[in-house]
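Given the coordinates of chain A, assemble chain B onto it according to the supplied hints.
2 protein chains.
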Amino acid sequence: MNSAFKNERTIYLGIDGGGSKCKARVVDEKFRVLGSAVAGPANPVHGIEQAIESIQSSAQMALLAAGFEKNDISQVVAGVGLAGVNLPSLYQVMQEWQHPFKRLFLTTDLHIACLGAHGGEEGAVMVAGTGSCGYIYSKNKTAIYGAHGFPAGDKGSGAWLGLEAMKAVLLAQDGLAEATQLTELLSAKLGTKGLGLVEVMVGASPRKYAQLAPLVIEAAEKNDAVAVGIIRDGACYLSMIARKLLADNPARLSLLGGLSERLMPWMDQDVVGRFSSPLDQPEAGAIYFAKKEMEFWRAAL
Amino acid sequence: MNSAFKNERTIYLGIDGGGSKCKARVVDEKFRVLGSAVAGPANPVHGIEQAIESIQSSAQMALLAAGFEKNDISQVVAGVGLAGVNLPSLYQVMQEWQHPFKRLFLTTDLHIACLGAHGGEEGAVMVAGTGSCGYIYSKNKTAIYGAHGFPAGDKGSGAWLGLEAMKAVLLAQDGLAEATQLTELLSAKLGTKGLGLVEVMVGASPRKYAQLAPLVIEAAEKNDAVAVGIIRDGACYLSMIARKLLADNPARLSLLGGLSERLMPWMDQDVVGRFSSPLDQPEAGAIYFAKKEMEFWRAAL
Numbered sequence: 001m002n003s004a005f006k007n008e009r010t011i012y013l014g015i016d017g018g019g020s021k022c023k024a025r026v027v028d029e030k031f032r033v034l035g036s037a038v039a040g041p042a043n044p045v046h047g048i049e050q051a052i053e054s055i056q057s058s059a060q061m062a063l064l065a066a067g068f069e070k071n072d073i074s075q076v077v078a079g080v081g082l083a084g085v086n087l088p089s090l091y092q093v094m095q096e097w098q099h100p101f102k103r104l105f106l107t108t109d110l111h112i113a114c115l116g117a118h119g120g121e122e123g124a125v126m127v128a129g130t131g132s133c134g135y136i137y138s139k140n141k142t143a144i145y146g147a148h149g150f151p152a153g154d155k156g157s158g159a160w161l162g163l164e165a166m167k168a169v170l171l172a173q174d175g176l177a178e179a180t181q182l183t184e185l186l187s188a189k190l191g192t193k194g195l196g197l198v199e200v201m202v203g204a205s206p207r208k209y210a211q212l213a214p215l216v217i218e219a220a221e222k223n224d225a226v227a228v229g230i231i232r233d234g235a236c237y238l239s240m241i242a243r244k245l246l247a248d249n250p251a252r253l254s255l256l257g258g259l260s261e262r263l264m265p266w267m268d269q270d271v272v273g274r275f276s277s278p279l280d281q282p283e284a285g286a287i288y289f290a291k292k293e294m295e296f297w298r299a300a301l
Numbered sequence: 001m002n003s004a005f006k007n008e009r010t011i012y013l014g015i016d017g018g019g020s021k022c023k024a025r026v027v028d029e030k031f032r033v034l035g036s037a038v039a040g041p042a043n044p045v046h047g048i049e050q051a052i053e054s055i056q057s058s059a060q061m062a063l064l065a066a067g068f069e070k071n072d073i074s075q076v077v078a079g080v081g082l083a084g085v086n087l088p089s090l091y092q093v094m095q096e097w098q099h100p101f102k103r104l105f106l107t108t109d110l111h112i113a114c115l116g117a118h119g120g121e122e123g124a125v126m127v128a129g130t131g132s133c134g135y136i137y138s139k140n141k142t143a144i145y146g147a148h149g150f151p152a153g154d155k156g157s158g159a160w161l162g163l164e165a166m167k168a169v170l171l172a173q174d175g176l177a178e179a180t181q182l183t184e185l186l187s188a189k190l191g192t193k194g195l196g197l198v199e200v201m202v203g204a205s206p207r208k209y210a211q212l213a214p215l216v217i218e219a220a221e222k223n224d225a226v227a228v229g230i231i232r233d234g235a236c237y238l239s240m241i242a243r244k245l246l247a248d249n250p251a252r253l254s255l256l257g258g259l260s261e262r263l264m265p266w267m268d269q270d271v272v273g274r275f276s277s278p279l280d281q282p283e284a285g286a287i288y289f290a291k292k293e294m295e296f297w298r299a300a301l
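If you're matching them up, the sequences are chains A and B in order. The first sequence lines up with residues 1 to 301 when you count with this note's numbering. The second sequence lines up with residues 1 to 301 when you count with this note's numbering.
This is chain A alone, in the form it adopts within the complex:
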């Protein structure tokens, strides 16, 4: 065992498990970062075993990067934030995992993103990435808006933008809607056209649709009427979510996700004026969460 553990200090592990990757961070009691690592997908909605595998391997790599040994995993207090565990059935399955940690505290990806964005304090966040949603966490209220998954939810997200673009291109191809620059942009990106577009997108994942989103923003920035219509519709939904969150007076509100910067100019400017920059990453939020839970647990003894 590494000397760090002999000192009886608590070592914390923060895990941010998402649909494309799993991020891990190891810190000491004073939140000093000792090591970090990234592994594969960890969204239990798309497979419990894969999620567990990604959590374990990212944790072990982060521990090694921090100078610990693999077996030291049994000594760490882990905070784990996962997509999908807002669904009760998945939360329970993940809670039943015979994990290798000293303690595991499980919560949603949104909860840790919020704690990370606001330095462990209360607040609200919105996400505009592959998916979309809003989340507020405070003494008075905890609520999620959206986060219903693609294609029924996730309006204004990258996946939604990509799907709406495909719809518009297919309608124009049939002569049933106005022509759009999106036809050329999507054809160039996907390396095919006409029915070929349908073929390469059959059964496409939200992530694959989201890869088309930058083209929609690009076309809208060039004043393509169809793309502008799509983006405005999506941004209007995001503004509605923001207003819903602001109605409960969160201490801070941050817009997160890969599309946040590019979609912000399309949102209502009174709402955009209320956004604060996120202070840290979700994996830091997972550590704040674990530390608070651990203190609560110790106090209860």
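It cannot be assumed that every hint is accurate.
Just so you know, same-sequence chains aren't split out, so a pair can sit in one copy or run between any two.
[Unchecked claim] Derived lysine-lysine pairs resembling BS3-like cross-links, with alpha carbons at most 27 angstroms apart:
| # | residue 1 | residue 2 |
| --- | --- | --- |
| 1 | Lys208 | Lys167 |
| 2 | Lys193 | Lys244 |
| 3 | Lys167 | Lys141 |
| 4 | Lys70 | Lys141 |
| 5 | Lys141 | Lys193 |
| 6 | Lys139 | Lys30 |
| 7 | Lys222 | Lys292 |
| 8 | Lys21 | Lys139 |
| 9 | Lys102 | Lys21 |
| 10 | Lys141 | Lys222 |
| 11 | Lys292 | Lys208 |
| 12 | Lys193 | Lys292 |
| 13 | Lys30 | Lys189 |
| 14 | Lys102 | Lys189 |
The set of hints was computed from the structure by calculation and includes no laboratory data. Predicted, not measured: the structure shown is a model, and the values here were computed from it.
Coordinates of chain B only, in the frame set by chain A:
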């Protein structure tokens, strides 16, 4: 070998292979129905092996029902209409199948539906079922509108109606859109509510979404504003498709598919006045197709 074959008459087999079932019909040269049968799904988009298995077993059952033996399958001339083979890659894979028939003539599900609806003659059809599309087949023009698959295409279809209903219910649940009777109807149908609706519809197939469509029509018939808006939007698309087809003056136009009767009242009435009832089923169209191809092939010898 059965005596029918000793007479050197040609026996025709018509196959209508769709996403939920595969229908087979055996007829003699005068189109007299000798037997028919139904087997499982046969859409090659969802699995080549399953499609082939369903085609073979429906064919064998129809032959047995017609008084032939299993092995007589090697004597029949088969016309096979399949969803998905408008995509060149799937057409080729299916063409490479080492089939058990004397001859196999392959075409699209739309082509055989059109031939069936118009007694083997030229014309146009529209489909409003789990999916949606329009198709015209004439000397001057063969064209498909829609048929792009769910969720990017299939506007106005059962799957699309179900998805739009889910979206509306989830928005209303978040307080981001007006309340709708659909909330109660969907909850009753799916036996759950709130986040439970999301859970049971995660990754749902087009068919599963389409099972919600009758509720949307029901709610619209009760003047639910949200349901009316959804149906009108979908029916408007179907009317546009009809106009597109009518612009090429087809001899006849038929509206097919499980939702045709219930959606017709929502379509533009000038368009509805142009619909003719289908004369026969798609599997009959597959036989018309095979017979014509066989005559063409014999003439070329």
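Status of each hint after checking the structure:
1. Lys208 x Lys167: both (15 angstroms within a copy, 21 angstroms between copies)
2. Lys193 x Lys244: between (41 angstroms within a copy, 22 angstroms between copies)
3. Lys167 x Lys141: Between copies, since 25 angstroms is at most 27 angstroms while 38 angstroms is not.
4. Lys70 x Lys141: neither (40 angstroms within a copy, 68 angstroms between copies)
5. Lys141 x Lys193: between (49 angstroms within a copy, 21 angstroms between copies)
6. Lys139 x Lys30: Close inside one copy (25 angstroms), not across copies (79 angstroms); limit 27 angstroms.
7. Lys222 x Lys292: Neither: 48 angstroms inside a chain and 52 angstroms across chains, both beyond 27 angstroms.
8. Lys21 x Lys139: neither (31 angstroms within a copy, 54 angstroms between copies)
9. Lys102 x Lys21: Intra 24 angstroms, inter 53 angstroms, cutoff 27 angstroms: intra-copy only.
10. Lys141 x Lys222: neither (41 angstroms within a copy, 36 angstroms between copies)
11. Lys292 x Lys208: Neither. Shortest intra-copy (37 angstroms) and inter-copy (43 angstroms) distances fail the 27 angstroms Cα cut-off.
12. Lys193 x Lys292: neither (53 angstroms within a copy, 32 angstroms between copies)
13. Lys30 x Lys189: Intra 47 angstroms, inter 52 angstroms, cutoff 27 angstroms: neither.
14. Lys102 x Lys189: For Lys102 and Lys189, neither the intra-copy (47 angstroms) nor the inter-copy (44 angstroms) Cα distance is at most 27 angstroms.
Checked against the numbered hints listed earlier, the structure breaks hints 4, 7, 8, 10, 11, 12, 13 and 14; every other hint is satisfied.
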